[in-house]
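**Q** Below are the chains, spelled out letter by letter.
There are 2 protein chains.
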Amino acid sequence: MHTTSPLSALRQWLESNHLDGMIVPRADAWQSEYCAPYDEKLAWLTGFDGSAGLALVLKDKTLLFVDGRYQVQARAQVNLDEVEIHHLHNEPLAGWLQNNVAAGTRIGFEALLMTNADYTLLTATPCELVPLNLSPFDPLWTDRPAAPAGLIREMPVDISGESSTDKRQRVAAVLAEYDADYLAVTLPDNIAWLLNVRGSDIPCSPVPLSFALLSRDGNVEWFVNDNKLGTLPDTMRNALKLAPQDMFIERCQQLARGKRVLVDADSAPVALRFAIEPQGEIIWQTDPITLMKASKNPVELAGYRECHHQDGAAWVNFLAWLSREVPQRVAAGQPLTELEVQAQQLRFREQQPGFIEQSFATISASSSNAAMCHYHSSEASNKTLGHDHFYLNDSGGQYHNGTTDATRTLAWGKVDPQQRLHYTAVLRGFLSLMTLQFPSGSQGHQLDAFARRPLWEMGLDYDHGTGHGVGHQLLIHENPHRFAKKVNPWPLVAGNIMTIEPGYYQAESHGIRIENQVEIVECRPGFCKFASLTLIPIDLSQVELSLLNEQEKQWLDEYHLRVRETLSPLVESDARPWLFEATAPIHVNR
Amino acid sequence: MHTTSPLSALRQWLESNHLDGMIVPRADAWQSEYCAPYDEKLAWLTGFDGSAGLALVLKDKTLLFVDGRYQVQARAQVNLDEVEIHHLHNEPLAGWLQNNVAAGTRIGFEALLMTNADYTLLTATPCELVPLNLSPFDPLWTDRPAAPAGLIREMPVDISGESSTDKRQRVAAVLAEYDADYLAVTLPDNIAWLLNVRGSDIPCSPVPLSFALLSRDGNVEWFVNDNKLGTLPDTMRNALKLAPQDMFIERCQQLARGKRVLVDADSAPVALRFAIEPQGEIIWQTDPITLMKASKNPVELAGYRECHHQDGAAWVNFLAWLSREVPQRVAAGQPLTELEVQAQQLRFREQQPGFIEQSFATISASSSNAAMCHYHSSEASNKTLGHDHFYLNDSGGQYHNGTTDATRTLAWGKVDPQQRLHYTAVLRGFLSLMTLQFPSGSQGHQLDAFARRPLWEMGLDYDHGTGHGVGHQLLIHENPHRFAKKVNPWPLVAGNIMTIEPGYYQAESHGIRIENQVEIVECRPGFCKFASLTLIPIDLSQVELSLLNEQEKQWLDEYHLRVRETLSPLVESDARPWLFEATAPIHVNR
Chain E
0 MHTTSPLSAL RQWLESNHLD GMIVPRADAW QSEYCAPYDE KLAWLTGFDG
50 SAGLALVLKD KTLLFVDGRY QVQARAQVNL DEVEIHHLHN EPLAGWLQNN
100 VAAGTRIGFE ALLMTNADYT LLTATPCELV PLNLSPFDPL WTDRPAAPAG
150 LIREMPVDIS GESSTDKRQR VAAVLAEYDA DYLAVTLPDN IAWLLNVRGS
200 DIPCSPVPLS FALLSRDGNV EWFVNDNKLG TLPDTMRNAL KLAPQDMFIE
250 RCQQLARGKR VLVDADSAPV ALRFAIEPQG EIIWQTDPIT LMKASKNPVE
300 LAGYRECHHQ DGAAWVNFLA WLSREVPQRV AAGQPLTELE VQAQQLRFRE
350 QQPGFIEQSF ATISASSSNA AMCHYHSSEA SNKTLGHDHF YLNDSGGQYH
400 NGTTDATRTL AWGKVDPQQR LHYTAVLRGF LSLMTLQFPS GSQGHQLDAF
450 ARRPLWEMGL DYDHGTGHGV GHQLLIHENP HRFAKKVNPW PLVAGNIMTI
500 EPGYYQAESH GIRIENQVEI VECRPGFCKF ASLTLIPIDL SQVELSLLNE
550 QEKQWLDEYH LRVRETLSPL VESDARPWLF EATAPIHVNR
Chain D
0 MHTTSPLSAL RQWLESNHLD GMIVPRADAW QSEYCAPYDE KLAWLTGFDG
50 SAGLALVLKD KTLLFVDGRY QVQARAQVNL DEVEIHHLHN EPLAGWLQNN
100 VAAGTRIGFE ALLMTNADYT LLTATPCELV PLNLSPFDPL WTDRPAAPAG
150 LIREMPVDIS GESSTDKRQR VAAVLAEYDA DYLAVTLPDN IAWLLNVRGS
200 DIPCSPVPLS FALLSRDGNV EWFVNDNKLG TLPDTMRNAL KLAPQDMFIE
250 RCQQLARGKR VLVDADSAPV ALRFAIEPQG EIIWQTDPIT LMKASKNPVE
300 LAGYRECHHQ DGAAWVNFLA WLSREVPQRV AAGQPLTELE VQAQQLRFRE
350 QQPGFIEQSF ATISASSSNA AMCHYHSSEA SNKTLGHDHF YLNDSGGQYH
400 NGTTDATRTL AWGKVDPQQR LHYTAVLRGF LSLMTLQFPS GSQGHQLDAF
450 ARRPLWEMGL DYDHGTGHGV GHQLLIHENP HRFAKKVNPW PLVAGNIMTI
500 EPGYYQAESH GIRIENQVEI VECRPGFCKF ASLTLIPIDL SQVELSLLNE
550 QEKQWLDEYH LRVRETLSPL VESDARPWLF EATAPIHVNR
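Those protein sequence lines, which keep their order, are chains E and D. Each residue of the first sequence is one higher than the last, beginning at 0 in numbering that gives the first Met the number 0. Each residue of the second sequence is one higher than the last, beginning at 0 in numbering that gives the first Met the number 0.
Since the hints were made in silico from the structure, they are not lab data. Please read these numbers as outputs of a predicted model, since none were measured by experiment. Mixed in with the good hints, there may be bad ones.
Covered stretches of chain E (in silico footprint by chain D; criterion: 3 or more residues with CB under 8 Å from a CB of chain D, positions within the stretch not fixed) [claimed, not checked]:
1) 150–161
2) 431–440
List time: in silico BS3-like cross-link candidates among lysine-lysine, alpha-carbon distance up to 25 Å [claimed, not checked]:
3) E:484 x D:485
4) D:258 x D:240
5) E:528 x E:485
6) D:552 x D:413
7) D:382 x D:413
8) E:413 x E:552
9) E:484 x E:528
10) D:528 x D:552
11) D:485 x E:485
12) E:552 x E:528
13) E:484 x D:528
14) D:528 x E:485
15) D:485 x D:528
16) D:552 x E:552
17) E:382 x E:413
18) E:528 x D:485
19) E:240 x E:258
Quick list of the computed label-pair ranges, beta carbon to beta carbon [said to hold, decoys possible]:
20) D:490 x E:380: 33 to 39 Å
21) E:304 x D:276: 36 to 42 Å
22) D:386 x E:463: 52 to 58 Å
23) D:580 x E:463: 48 to 54 Å
24) E:488 x D:14: 42 to 48 Å
25) D:71 x E:304: 57 to 63 Å
26) D:386 x E:304: 51 to 57 Å
27) D:507 x E:353: 53 to 59 Å
28) D:243 x E:257: 52 to 58 Å
29) D:560 x E:436: 31 to 37 Å
30) D:74 x E:488: 30 to 36 Å
31) E:353 x D:71: 55 to 61 Å
Backbone N, C-alpha and C define an ideal beta-carbon position, used for all residues, glycine too.
Excised from the complex, chain E in its bound form (with noise of 0.2 Å):
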């Protein structure tokens, strides 16, 4: 079919529309980490399947823009001959037009793939953004997948905890407050906490892909693919104005006249801007429900917790079996791969009641493949697991009452001395916030240094992120709050609930990461702790005891013996005994 690589498809087309090159980032109309394949455009067009990135393609030459984790992997896979790397960060599509290109020169984009920050670092550069009304994929990507239609169900109130009216209602208020007529909702995880529903168009990520426009006495029209609706009840579709999805640029353009129109400033597309501003004003903010979601209601609570029962017992029967298998497989000289381990972890998994599907794509990483903190195990990469070396394992569920995140390190028999000390010093750095009491309404960044001191006392650290939201039964990262070093302002406060996930990775060498999710909770008036959710138990045979202090040995013997007693009613008979080994008190047998 193509007898033309997609990137000369596309020069025609521009040429043909009169225009000079045009911008393709990785992204789709609601900045999603995880896109559907139908909005994989960019790894169409050039090869490059990375989760960040953009595309500059010009007359003469197409540049590719990649961060610094994807420096190799794009070389990997594009042409050189007709594709250039640059670095996201360091060289920027704005920098690069500001340089290179000459006034006046016409740069299509498509406006709902770009936000507005980023369409006004642009707009300071001497060419001419041209936001397209048609799209060139339409024509020219013949083969695409077809868009993403996934079914949408209703999320009961017994699970959700406040009805979409009551939820509509204190989103109202807020609007009243800015004096804003109106919120575009288009976060696709605000608009199913606002509605109650969840989705299934990208695997994972349980959020239906649609806009929303909320008014200020509440109302809603959802602008949404019918054939998405089947099953919804006439009850839920009666509740709210129904349009499809791409109605709703055109309806905000509509109603604008004069109104004041809430819109998220981080992630919304500047077609909405283009739509508003020439007669009404945008109240550019975060959107307020990412707060609000984020602090998770009783009942949201409860599911949290009582779906972590179901995972650790998962867990549990998956870690006993790897305890029986690695040695076994070792001795018969056809040892495990991390394949194997992590298709036999998800039937694990499946046993679950409750179990929906997986919370995002397993991390099942042997010896140096987990020194990659994103690695994803490939027929290609595939390693075994063996004795003598870390095997990591990051991966959650999504469940009909929550959704769960950790990870695990373990080794069967005895890793050299140096990686004893590491992994000792990222489980003290976790037990370091673990055992934290902070006021309510500290930031990220004022904890974030905790969990990284016993890496810096050796002169290490690690170049990710501490901890993040996790959604109820929506996105694994979900916003607005952060450990990192990265100033994060929101207030840390009783019912939010986070990740907490130091590591440490030596690149060709091995990766470690100790992480489970939690709850904060009021531990006395004005001060807030950590509250675990996940109950797996924590590897210490790779432990150098003696580092540990006594307040950390005691939340290691108190945290396993919860879980001991919390899961033994729910794991296999055969995994019972590796259990109670795996739980013993520091001063049994170690």
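Go by the hints and put chain D onto chain E.
**A** Same frame as chain E, now just chain D:
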């Protein structure tokens, strides 16, 4: 002389100048933390002499805006029949004007006393802001103190470590990066650093009040009154173009046409904007000298280390004297008072070679007086020192080669068990930072919480920052670095000088603070730690030693050994036995 109150006189002046009101801030033209008496207009006008606040004088009423620290003091100092007290942050001036003043109300202000940021806030109100050409204080304040005229001295290059010429070239290179023609240097400590001079306009703050203009070729015009230059050598005068201080704004206006002028965004007076913007362009940035100055050169660092030997000896002489005098005077029924003690401490400092003056007004606070973080003793407040309660001393000196700032909290008998736990927690917070290794370039808000954690464990905290920069014979609170909860974006690197000073305060009961001044040093590639400049024994008699870990005890022992070995040759012979006892290893006699 005054038949009418200052407020009535100002009202008459406003009426005859066709103004409806005037804003009178507690500020000089440099937004100094400590002002000359000449600039204490707000105190003259209202009686309120706190370090922050502003008055809005209207035809029918006067409002005084002060922050939380000063709500009580303001009510005690002003005539409440004439003045209404408002909260500076909770009900700020701009908000009040917005809600209470009719459009076009003419409000006068002195453009040298207001920052651009404050002015910008006020422009959103309906009133007409009128910059005054003539100050009402010239005719009205008949008994006004003389304008500061402190003599300026040269800071020799063997103390400053870098010639003014070299400094100017370094700053000029930054101007080139910004494509700026001039830097308007409005911060007195930045001028003092740039020109290698020190002044005597304000006690404890040896910075000459003046202005400077640095051009891109490294030349400087210095706007400073001639009467301050008495002893300055001709070589220095000839290297500069000199002009009277009050020519600065006019000169900026003259040269602004078509020029780009870099102006300090945080502190520069809005008068500069009025002067430059009609014809030139302002680049609002943090004055680049602020960050340069914070990286001390090897000569400055050697000076800091050396003057801490002198200051440490003065402290030891003082503390040994206290250890003799406190029990004797209690036994004699004539206990020492805060004022007696601070006078005696000053005598010990004055005996030290190189001592110039105090670096700030001493805080000498016994018992419940120490619960006020910024307490200063007066005859009315003067408490005595006894056995069963804490005494807090926060003091420092300006020496010819550096500046010191330290706090010790002491008791000579036994404080109650609860206060003992508070003292132990403050000490552990202090030790947590003293034993920290952190990545070079970390920011203050990332490290601040280490000092608070032991208090947080008890549900306690303190409501001030954990540390600040210290100038080199300059300001005691030097920008830009801070350890605090508030975000501080400036990277901490080797060569920065900071204080570390956690505390705990219980109103009407007690106050505790332990403060060392530290130098940031590289301890391994990419990592830094804090090396103590302060050499003063830390009182361990009130510590619950069982709560310290081995690393903390080891730090204390090593520190005390260093204090003993360094100071033993420098202290008075009758102070030496006390020094030996106070610096004994922890396992001895405790």
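**Q** For residue 382 of chain D and residue 413 of chain D, compute the direct alpha-carbon distance and say whether it is at most 25 Å.
**A** holds (18 Å)
**Q** Can you confirm whether the C-alpha distance between residue 484 of chain E and residue 528 of chain E stays at or below 25 Å?
**A** Holds. Residue 484 of chain E to residue 528 of chain E sits at ~20 Å (cutoff 25 Å).
**Q** Straight-line Cα separation of residue 258 of chain D and residue 240 of chain D no greater than 25 Å?
**A** holds (20 Å)
**Q** Can the restraint linking residue 528 of chain D and residue 552 of chain D be considered satisfied, given a maximum Cα separation of 25 Å?
**A** holds (18 Å)
**Q** For residue 552 of chain D and residue 552 of chain E, compute the direct alpha-carbon distance and say whether it is at most 25 Å.
**A** holds (21 Å)
**Q** Taking only the CA atoms, is the gap from residue 240 of chain E to residue 258 of chain E under or equal to 25 Å?
**A** holds (20 Å)
**Q** Should the hint that residue 386 of chain D and residue 304 of chain E are 51 to 57 Å apart at their CB atoms be regarded as holding?
**A** holds (53 Å)
**Q** For residue 485 of chain D and residue 485 of chain E, compute the direct alpha-carbon distance and say whether it is at most 25 Å.
**A** Answer holds: residue 485 of chain D to residue 485 of chain E is near 13 Å, not above 25 Å.
**Q** Do the alpha carbons of residue 552 of chain D and residue 413 of chain D lie within 25 Å of each other, as the hint requires?
**A** The hint holds at about 21 Å.
**Q** Using the beta carbons of residue 74 of chain D and residue 488 of chain E, state whether their distance is inside 30 to 36 Å or not.
**A** Holds: the Cβ-Cβ distance is about 34 Å, inside 30 to 36 Å.
**Q** Under 8 Å between beta-carbons, do enough residues of the stretch 431–440 of chain E, three at least, approach chain D for the coverage claim to hold?
**A** With 4 residues closer than 8 Å to chain D, the stretch 431–440 of chain E meets the three-residue bar; holds.
**Q** Residue 386 of chain D and residue 463 of chain E, beta-carbon distance inside 52 to 58 Å?
**A** holds (54 Å)
Violated hints, in rising order: 1, 21 and 25; the structure is consistent with all others.
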